[in-house]
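Visitor: Chains as they are written, first to last, in the numbering used here: chain U, 119 to 457; chain S, 119 to 457; chain W, 119 to 457; chain H, 119 to 457; chain B, 119 to 457; chain F, 119 to 457.
Hints in this document: simulated from the structure, not taken from any laboratory. Here the structure is a predicted model, which means the values were calculated and not measured. It is possible that part of the hints are untrue.
Identical chains share a label here; the pair holds if one copy fits it or two copies do between them.
[What the hints assert, rightly or not] With a Cα cut of at most 25 Å, we get these calculated DMTMM-like pairs of lysine to aspartate or glutamate: (1) Lys-289 x Glu-445; (2) Lys-200 x Glu-445; (3) Lys-289 x Glu-202; (4) Lys-200 x Asp-260; (5) Lys-200 x Asp-166; (6) Lys-200 x Asp-292; (7) Lys-289 x Glu-362; (8) Lys-240 x Asp-414; (9) Lys-416 x Glu-445; (10) Lys-416 x Asp-146; (11) Lys-416 x Asp-120; (12) Lys-275 x Asp-192; (13) Lys-417 x Glu-380.
Spelled out, the chains give:
Protein chains: 6
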Amino acid sequence: MDVVTFGEAMVRLTPPGFQRLEQARSFDVTVGGAELNVAVAARRLGLDTKWLSRLPDNPLGRMIANRAREQGVDVSAVAWAKGERAGVYFAELGAAPRASTVLYDRAYSAISHITPGTIDWKAAFDGARWFHTSGITPALSDSAAKTTVEALVAAKKAGLTVSYDLNFRSKLWDAARARAVQEPLMEHVDVLITTEEDARVVFGVGSGRSAADYSTVDAESYADVARELQKRFDFAAVAITLRENPRVWQNTWSALVVADGELHHAPRYDVEVVDRIGAGDAFSAGLIFGRLECRDWKKAVEYGTALSALKHTVPGDFSQATLGEVEQVINGSSLRVSR
Amino acid sequence: MDVVTFGEAMVRLTPPGFQRLEQARSFDVTVGGAELNVAVAARRLGLDTKWLSRLPDNPLGRMIANRAREQGVDVSAVAWAKGERAGVYFAELGAAPRASTVLYDRAYSAISHITPGTIDWKAAFDGARWFHTSGITPALSDSAAKTTVEALVAAKKAGLTVSYDLNFRSKLWDAARARAVQEPLMEHVDVLITTEEDARVVFGVGSGRSAADYSTVDAESYADVARELQKRFDFAAVAITLRENPRVWQNTWSALVVADGELHHAPRYDVEVVDRIGAGDAFSAGLIFGRLECRDWKKAVEYGTALSALKHTVPGDFSQATLGEVEQVINGSSLRVSR
Amino acid sequence: MDVVTFGEAMVRLTPPGFQRLEQARSFDVTVGGAELNVAVAARRLGLDTKWLSRLPDNPLGRMIANRAREQGVDVSAVAWAKGERAGVYFAELGAAPRASTVLYDRAYSAISHITPGTIDWKAAFDGARWFHTSGITPALSDSAAKTTVEALVAAKKAGLTVSYDLNFRSKLWDAARARAVQEPLMEHVDVLITTEEDARVVFGVGSGRSAADYSTVDAESYADVARELQKRFDFAAVAITLRENPRVWQNTWSALVVADGELHHAPRYDVEVVDRIGAGDAFSAGLIFGRLECRDWKKAVEYGTALSALKHTVPGDFSQATLGEVEQVINGSSLRVSR
Amino acid sequence: MDVVTFGEAMVRLTPPGFQRLEQARSFDVTVGGAELNVAVAARRLGLDTKWLSRLPDNPLGRMIANRAREQGVDVSAVAWAKGERAGVYFAELGAAPRASTVLYDRAYSAISHITPGTIDWKAAFDGARWFHTSGITPALSDSAAKTTVEALVAAKKAGLTVSYDLNFRSKLWDAARARAVQEPLMEHVDVLITTEEDARVVFGVGSGRSAADYSTVDAESYADVARELQKRFDFAAVAITLRENPRVWQNTWSALVVADGELHHAPRYDVEVVDRIGAGDAFSAGLIFGRLECRDWKKAVEYGTALSALKHTVPGDFSQATLGEVEQVINGSSLRVSR
Amino acid sequence: MDVVTFGEAMVRLTPPGFQRLEQARSFDVTVGGAELNVAVAARRLGLDTKWLSRLPDNPLGRMIANRAREQGVDVSAVAWAKGERAGVYFAELGAAPRASTVLYDRAYSAISHITPGTIDWKAAFDGARWFHTSGITPALSDSAAKTTVEALVAAKKAGLTVSYDLNFRSKLWDAARARAVQEPLMEHVDVLITTEEDARVVFGVGSGRSAADYSTVDAESYADVARELQKRFDFAAVAITLRENPRVWQNTWSALVVADGELHHAPRYDVEVVDRIGAGDAFSAGLIFGRLECRDWKKAVEYGTALSALKHTVPGDFSQATLGEVEQVINGSSLRVSR
Amino acid sequence: MDVVTFGEAMVRLTPPGFQRLEQARSFDVTVGGAELNVAVAARRLGLDTKWLSRLPDNPLGRMIANRAREQGVDVSAVAWAKGERAGVYFAELGAAPRASTVLYDRAYSAISHITPGTIDWKAAFDGARWFHTSGITPALSDSAAKTTVEALVAAKKAGLTVSYDLNFRSKLWDAARARAVQEPLMEHVDVLITTEEDARVVFGVGSGRSAADYSTVDAESYADVARELQKRFDFAAVAITLRENPRVWQNTWSALVVADGELHHAPRYDVEVVDRIGAGDAFSAGLIFGRLECRDWKKAVEYGTALSALKHTVPGDFSQATLGEVEQVINGSSLRVSR
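The shape of chain U in the complex, shown without the other chains (with noise of 0.2 Å):
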């Protein structure tokens, strides 16, 4: 086992053709979830991924294990619960001036009650190497940021480096929360994943920017901020992701790394959005991969953001492309029809 994932996965369901909810007749139904989305795109690179969570035993629950497996995750540590539910999830797909938008429907999940001890942690970390969550799971509920700590303790213990995707959702917590769980919680992370603007209002780090500025993007100060971050908390490695707005079918989308005393800037990509949900994860993804296949902060940059480039152009949570087109896009591939 190469990489860990713990956190939850919901059914997604999606309005087609740019349809609000309201509007609504039938829904597309995918799965997703920020960490199940990095083991299924690790795996999809090639590494062995396995995904902690705890599911209802009913349809849904076997829908979202069922789809994680469908992409070579392996499932079989999940904790089964009898009688609970499944988290849903409503996307809305936008267009310009009309963000999208996501209806969270995960409070009283299967996973918002699990408690410390419902996962064998020392077993579920045999083997392994690298050990993933990210914000979402301790903001689902205090037993699951309990367990959230557990986790990250035990994953330490093990020897497995840790990564944290800082993953801010305003609509599971208010910032003042999410400073009070998790600034605990970094002494047990090595590679921290954010945005600037998470980071800026989670953590009160960076420029005093507001969301409307983010149209446009700064890469030094974004370098200040990964810097500032990093020795903060220690950390040994601190990824900020860049993208500029323009249109919402239209974004530029880059990253950074800084570590080991040097900072890393990953390519610009000019990306056409199919949705661009889960290409957070993609990164993470792809910079968990870089890391441990070339032991290169580099490539991971360049491999996590390539990915996250190409996840923006398929419908889904879920990373669909391979290795080998994720190092097309790095050695810059044409646009031209391939036949």
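Starting from the known structure of chain U, arrange chains S, W, H, B and F on it as the hints suggest.
Guide: Only chains S, W, H, B and F this time, still in chain U's reference frame:
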């Protein structure tokens, strides 16, 4: 206002083409719930109807209200709740020997948090003639059960005729609790609508036949059940629907009513089943219509049965029939293409 | 050219999944119309067929011609009209006790404005052997009725065998007008195709049974009707199709022909009904094929009935059967999966 | 009642996925029409709205009324017609260099047969504050034009503010007739809403630029057009919408209003276009909302423009935006995923 | 590992809504193939299953493996081939009198090029208890036939129980070749699964009834066929499935097994047929499950028949049933909606 | 007959909504192939066109012929093959930075087995004016290459103008073989159509730019390539299409032709790309149309480019444009909604 109903309506998600939930890559999205279904079906026959409920102030709650309004139902007295969730249910349509089945995801819904005092019953019942609710509403939560009592008392006080569909749902509560909660409610009820099976399970009335025995029906024993219920609870009328299930796609459907010392049988219809969910509610609507408009229990059971037979033939919980179509069925219409 | 037909074809809009029109959020789009259906079904058996009509020179008119051409029908003699509209019809597929139904939106269509002289019948019939039209064409408008007379006269003059499907449509005209307009046409007709019901309604021939009686059929009384029609109008042959409608999804289907002093019965088929619209037209096509290619009325009624039975099993107005498939049905094929 | 509108709504059939009509094997079914679109969009912002029209009493007519009601619009004063047809229109969504296009099939529709006296304007306007109609209504037929006069006179008499969207449709009438019919109407109009192009074509006001010139807009010349119109017809206000079409999928969109001797510009929005049909109507609705609720023409043009920008992002004629969403756009919202 | 199967799986393309292939504008995409179907159906009952095959290393090959993995089947020992093609098959779902049919496009598929030595049977069978293949595998090509021999020999050598479904496919080979190739294989087989028809066609065993005779079945004659096969090839057990086809949408389905000198009949089920492809494979899976887990041939044939009956009710080749659902059917479940 | 083309057409399967093949649960089914695409596009402009090929006599082969006929193309001279397979291809539509891609499953198709003598060229070319084929046809197989020679020789002998689209497909053959096979063919060709990239790869003509360089184009260097090709092979004309790919969804598109010692540039179009497959073929069709009907190479390249620009805007291989629409684009049409 002719008819007021009270209860939960949910977003209903149905995999197309007889798929199981686990297989689904899309869901058809409709809206339904027993008491709203009654309001819709009655509205389509020409009655003015109002539906009372509690909905979350989010796109799903609005979708539910919109779809009720689309059918002409008055939703102006619905209570709106911030930050809560809408009930959802998943329906799998079966084929022999696989029965259709329902997965409820309605726990913690906005209406389950309703409390007495939420709805201004006096205003809601002003000028109305009939009130209808069902055994699903008190099954939702303790506070919903208390609010149901409040509604029934207020309806009687306002001089409305009260009908109550027993609608036992084993996935919401067990028989013992269903009996304990509902026996005290019966004193406020004028018209009880039930199946023989529900009457037996909840009130211990009728034969001891097992579920599998219901592939054929014995109308005479059903009449005895109706009479026994009437006697025990002093109902003005008891209606029992009779379904034979030789197959999932083909049923026979009939009903009887015992009232004013008389027994009225409806004809038995062969129905080809597109979607039988909501058929019982259409029966209630037809029964109410017949009683209110014709003041005749025989007509009532005929309207109820014919409308219900038609409901089986359309997808979704809602009746789509017009009064003219119901009367065509009662009068023995041809099955040739009308052109 | 073997067979020429003349009449209207429309864009047909069908809500999927047994929805009522009011519910529909999408329509399946096909093309159909009695006489085009005959041309298509006959073409698929191997006859050269040409369809005559008048279509608007807009995308809908072109769609109708394209779909005819897709099936191999010659549309080179269709008259094109600027600025007019295409006929449209909406089809609701039913389930017992709800019959399938059709909503016509064909008034003011391009062909309803056809006038004698529009079509060069002499050229159109050049080299042809058979002409077919139906009672729908003269029902479209006065000028269409006049043009039908012109067509029939020209066809007889050109030496073609003329078949005429009575096809009474109560939504287009009433029985009295249907009779007044069509009785004078019958002198030009060699082969009349009808149901017992249409013969009774239009020509007052046959028993006085009501529509509801047609759930079972009595072949003997049908033969009498055929003989009476033949005698009254001096037809070379009369074919009557026999449908039993115990359900909407399951019918029995047969036919008989009276010709040359003999009565020929086709076998009775159990048909599972996907879409019965166009089944009568497929019968006509099979009858024409059998008569033209085998010169045998017994074969004709067998081909007609088998082809028509197959038509019930596919969506849309058009037959999709090949000659080989028809002959398999005649020879008693298995219902096992062919693999 | 805040706002009353009068005009035709149709069943709209749209091939999915940028297909041409000829290619379509299915149509998406929505409902739309300029004045109903205004009533819907205004209702969603919180105004009470009523729509007046004439509909056929068949499933399509009912579908139109249902969809209006779904959005909360009062349809109780619609006139119902037996045996007539509903207007239908087909919409092809384009991509550069292919413009979107519309095929009307609305001739002979129920409302084209409306005559003065059909609608009880006094009752319809009772308690209302604003009346809106557009240049489409008088274009439908002579009798519809006469009924429009009747409506405008009645509205002024009842003391309503009257807005009129010039909405020139070259597929319904030519410029000469549009001018002859509409010039006399203008004396009843308080607020004119138009594009520069329509003003020029119908009233000969403004520059002589050709259609192709509208890929970029010159706001100053537009203001002159507005002022000229105001002067000529003595309008209280003139609003002009400004669209740049560098592509079909990407436009800029803005507007201005001249009123009370002042000129108010709205911001210019970059819009990604899912479906621009109905965007002008959403502008009218926002303008009416802003004027009625804020009594401020600057706010009016801002609400109109922002609501209209949002309309571009959803399929179908109807606005789906809430007041909160409009205000978010006005206040400069982010394009990041809201979660 | 409990069960290992070996054979081809294909991408299956099915036109929706009973369309013929020629009509199709879209295909539903599933995956299936006899031996994979067995592995899936058995896995869903709780057995550990592995599927052996050869797939092209392209998106279609990966899709096939993904879908197997989604169902929990181990695909780690599949052989991957560069630059080859995946087998594809097109399925037309019928309606009486049109049988369902299959168009194979599997020639030249990756597995047809498999050669002995490709698969490491020793490793594949390590720790396994049962091996299953069918008469389709040797029909694919000469080298596939040789590899089948290799597999059977290896399985016996590894001590596995071997089951073999005769599965004659007339579209792949003729009866003479089927007999010549398969007779020598039978010595390695413990359990033969077949229909009476296939036994007669391939091995000349049983009555001389024609295909059309199979609309009703005579269980007694079937038992004789089973006994004759057992005697001739010295099988431990022979199972024969019995289908009656009065219609395409409604069949009866049963089976018997002869083993240990005893004859065990399963009940006869009425099945409503959504999709019968794969039903025979579900039977094999249930039979294997019952034999392996209960060590009882009577239970085996009961599990096989009930699981198979359930398979008829879902679209696609794969069983979707759980063990609990199978046992409900065996115990005589109701056809009422479960709620 | 104006134009005859020769080559393969395939069933094209496209996952909807930018899905990858692996994700697909449905495929859109269209038909396409370079030379058929040319015949269709030219037919829609008004030319009489005939397509020559070899198809399997099964539902897929018939589907291909039907769809050609639907567009008005004459398929009467197609050779039909028993028991062979139809070519199939899978198309993934991309989004930057993921290029669209094609998975061919066309090996062993019926036309790959074509041999000289299969088609009666003399009859096929009788009365025709132009012959078109492309570099795909000789790439299919050795015998297809030989038959291509036969066709070219026969076309020249019959006095037709011959155009040849180089259409290099790296998934069918490599550059060396493409050159070896095609250089000898060029002596029969009057008009070569190519991209600069294909000319360089196959004939080594032009600059040494890499694939990635083609995001911008330099028209001047292209003209040099055209002149060099013309000189080397003595073509009457060489046309080169110029595409810039700044994105997948947005391209610029232009072309030039060198003929009669002159260089003609078409305008450069901004195109929003729904589906660019077949755009090159539409260019060929427009070029042929312009040359045949206007006898003017400048018009030819203008028609070709405008028709091709329009092709980008519709799904499927086939052009859907009419002559009127092409001329509107040439004359600089507006992008406003046409209504």
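Visitor: So, for every hint listed, does it hold in this structure?
Guide: Right, here's what the structure says about each hint:
For the homomeric pair Lys-289 and Glu-445, the shortest alpha-carbon distance between copies (20 Å) is at most 25 Å, but the shortest distance inside one copy (36 Å) is not. Taking the shortest Cα distances, Lys-200 and Glu-445 sit within 25 Å of each other only across copies (19 Å), while inside one copy they are farther apart (43 Å). In this assembly of identical chains, Lys-289 and Glu-202 lie within 25 Å of each other by CA distance both inside one copy and across copies; the values are 22 Å within and 12 Å between. Taking identical chains as interchangeable, the C-alpha atoms of Lys-200 and Asp-260 lie at most 25 Å apart whether they share a chain (21 Å) or sit on different chains (22 Å).
In this homomeric assembly, Lys-200 and Asp-166 come within 25 Å of each other (Cα to Cα) only across copies, at 23 Å, whereas the closest approach inside a single copy is 29 Å. Proximity of Lys-200 and Asp-292 under a CA criterion of 25 Å is satisfied inter-copy only: 17 Å between copies versus 31 Å inside one chain copy. Proximity of Lys-289 and Glu-362 under a CA criterion of 25 Å is satisfied intra-copy only: 22 Å inside one chain copy versus 36 Å between copies. In this homomeric assembly, Lys-240 and Asp-414 never come within 25 Å of each other (Cα to Cα): the closest approach is 28 Å inside a single copy and 40 Å across copies.
For the identical chains of this complex, Lys-416 and Glu-445 are intra-copy neighbours only, at 14 Å inside a copy versus 43 Å across copies, given an alpha-carbon limit of 25 Å. In this assembly of identical chains, the alpha carbons of Lys-416 and Asp-146 never lie at most 25 Å apart, being 37 Å within a copy and 41 Å across copies at closest. Within a single copy, Lys-416 and Asp-120 get their C-alpha atoms as close as 20 Å, which meets the 25 Å cut-off; across copies the closest is 46 Å, which misses it. For the homomeric pair Lys-275 and Asp-192, the shortest alpha-carbon distance inside one copy (22 Å) is at most 25 Å, but the shortest distance between copies (32 Å) is not.
Taking the shortest Cα distances, Lys-417 and Glu-380 sit within 25 Å of each other inside one copy (13 Å), while across copies they are farther apart (51 Å).
The structure fails hints 8 and 10 (numbered hints given earlier, in ascending order).
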